[in-house]
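From just these sequences and the hints, can you work out the full model?
Residue numbers (the numbering used here), protein chains in the order written: chain A, 1 to 337; chain B, 1001 to 1312.
For the record, the hints were derived by calculation from the structure and aren't laboratory data.
It cannot be assumed that every hint is accurate.
So the derived list for chain A, only partly shown, Cβ under 10 Å to chain B, looks like this [said to hold, decoys possible]:
no., residue
1, F10
2, I11
3, I171
4, R173
5, P182
6, M191
7, P284
8, L288
9, S306
List of simulated lysine-lysine pairs, BS3-like, C-alpha gap at most 27 Å [to be verified]:
no., chain 1, residue 1, chain 2, residue 2
10, A, K73, B, K1122
11, B, K1054, B, K1070
12, A, K71, A, K5
13, B, K1028, A, K200
14, B, K1088, B, K1028
15, A, K71, B, K1122
Even glycine gets a Cβ: it sits at the ideal position worked out from N, Cα and C.
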Amino acid sequence: MWRLKTFYLFIISFILLVWIFPWAKKDLIAYAVFACLTAGLLVLSIVISRAANDTDQIKSNASMMWKRLNKNKSAMGGMIVLIVLCYLAILAPFISPHDSLASDWGALSQGISRAHWLGTDDMGRDIFSRNLFGIRVALGIGISAVFLNTLIGTFLGLLAGYYGKKTDNIIMRLLEAWNSIPFILLAIAIMAALGTGIWKLILIVSLSNIMAFARIIRGSVLLVKESDFISAAKVIGIPDRLIILRHVIPNCISPILVLASLSLGETILVIAGLSFLGLGIQPPMPSLGAMLSNGQQYLHENILMSVVPGVTILLIVLSFNLFGDGVRDALDSRLID
Amino acid sequence: MLSYTIRRLLLLIPLFLFISGLIFGILKLTPGDPAIVLLGDRATQEAIDLTREKFALNKPIPVQYYKMMKHLFTGELKSIYYRENVIKVVGKRMIPTLELGISALFLAIVISIPAGIISAVKRNSLFDYASMSAALFGMSIPVFFTGILLIYLFAVNLRLLPASGYGGPFYTIEGMRHLIMPALVLSFTMMASTTRITRSSMLDVIREDYIRTARAKGVSEGMVIIAHGLRNALVPITTNIGNQIARLFAGAVLTETVFAWPGVGRLAVNAIFRRDETLVFGCVLILSIIYVIVNLMVDLFYAVINPQIRYE
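Below you can see the structure in the form of structure tokens.
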């Protein structure tokens, strides 16, 4: 069963790879990312099908988790939608029928037509193409922000939990103070001070959620620290750095994973919100939030201008949330939520 | 209890210094001169110098910080843009925000706590699936999108409600009509998380032994759920609601923007755009202090809900 599926997947992706290659001059990086993602997914599915066939061996943690996740229909649905969205985002320059920035002055603010599948906005730009690039920006920034957020939050949580006492006190009090400033205001003030830009946006958004990460990682580090193998490692004389890397982090990996996958949806909402206020991604670069705020002004003329990006954000965040809930249930992390 | 409260309140002082320093630093990093922003590009050098002198913008930075703090405490801090006392300006905008926030919170609590309880009691029923899907939906939809959809439906198409703006106090008909949509939109996100948390904490409690004991004793089912179940599940629910209240004042920025609601969140955002340093400083500090105090009140409220919780 699994082998057959993998086989078909292999054929389909091979055809896709060959079919798109002639256009690759248009956007070589996008093609490379696409090829890497496809190859990675294929390898992953082959590995999984191997693991599923080896029934004799003792199940490893990861394959147990995968099995549980696989049974969860809504999580799998979310994951499939996410994979499709990722492909759409990466392949945006190949798929989009029009330039996302070019105006078609003959067709301003129009509805669905054959030339413009989802209509055009007030400047005659194709909404479908803009939407594709918007997904690209939202996913890219959202995932990198969560990645950075996870790194910083985990680092602080590890420090606070492992060293305890004074370090713990200082880090947690500072984080509480940071957390008590309303985030949106802080983000706006920082954006006003430093200027707007994609990297600054990623940095600021990633700082918004460190409190949740640090608090939960600290909690699980405190639990792990009490266990015998840590005291044993300390007695042998293994340096702290190695204890943290080899023994503490692997034992805290499941709350980290769960938190990261749960906060993806929320982060994308925050980014869309900042763009809606005009502070996130700057025009003319298409972003879903800014498209919505533009759409509100033309609500009487063309409802598509707000419905399309809105539904897209909803779809992205919903599938991330479904997937995150699935990961949480699969890892059975009772620490969170 | 009293000593705990006093200790927490004393912690406000370092917090206050930290936040004010941070905000002041960010403001000073921001390019552009507030005096020029205020007077326009064509202002004479003399006028600019005079304004700088008036708002102490020409002094060294530590002196400016000291002056701003001193003025904030003596209640003399004036907004550069409005030329009015900062506390007065914020206070005026606080009323619409409170109206919006409290009505949204009321809607959310009235709908989501019963929904969460019913989902937990009738687990895996149709109602459970429906309310959980609705909650997931509510968590995933951006506030501004719900707002735009409601405006399109009720203001543009049906012409029942005004699209935006503030119509006066909530007890007048006009005010109520303006309030309905923003309150509904704001309550959606609150409803989502409150329903989920109510359900999960009720599920945890219902498994406990004392629930079985109460049922065996012959206590009526309603009493078991409310008095024995809900009361014990209330701590996480309160935490969540407390967080929502604390975040309300600034978190409503998006809703306020969609509906052009004259609230504190939008005031602060506009102040940042206008480079109104004093107003930003005052706004952020006031909002942060409200956040901390609400959190403290929530912590103290735990002891009321669950007498086992004591603060030494």
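Each hint tested on the structure:
1. F10: 33 Å, violated
2. I11: 34 Å, violated
3. I171: 13 Å, violated
4. R173: 8 Å, holds
5. P182: With Cβ-Cβ at 3 Å, under 10 Å, it holds.
6. M191: 9 Å, holds
7. P284: Violated. Min distance 21 Å.
8. L288: Since the shortest Cβ distance to chain B is 9 Å, the answer is holds.
9. S306: 5 Å, holds
10. A/K73 with B/K1122: Judged against 27 Å, a Cα distance of about 21 Å means the pair holds.
11. B/K1054 with B/K1070: 15 Å, holds
12. A/K71 with A/K5: 17 Å, holds
13. B/K1028 with A/K200: 18 Å, holds
14. B/K1088 with B/K1028: 24 Å, holds
15. A/K71 with B/K1122: 23 Å, holds
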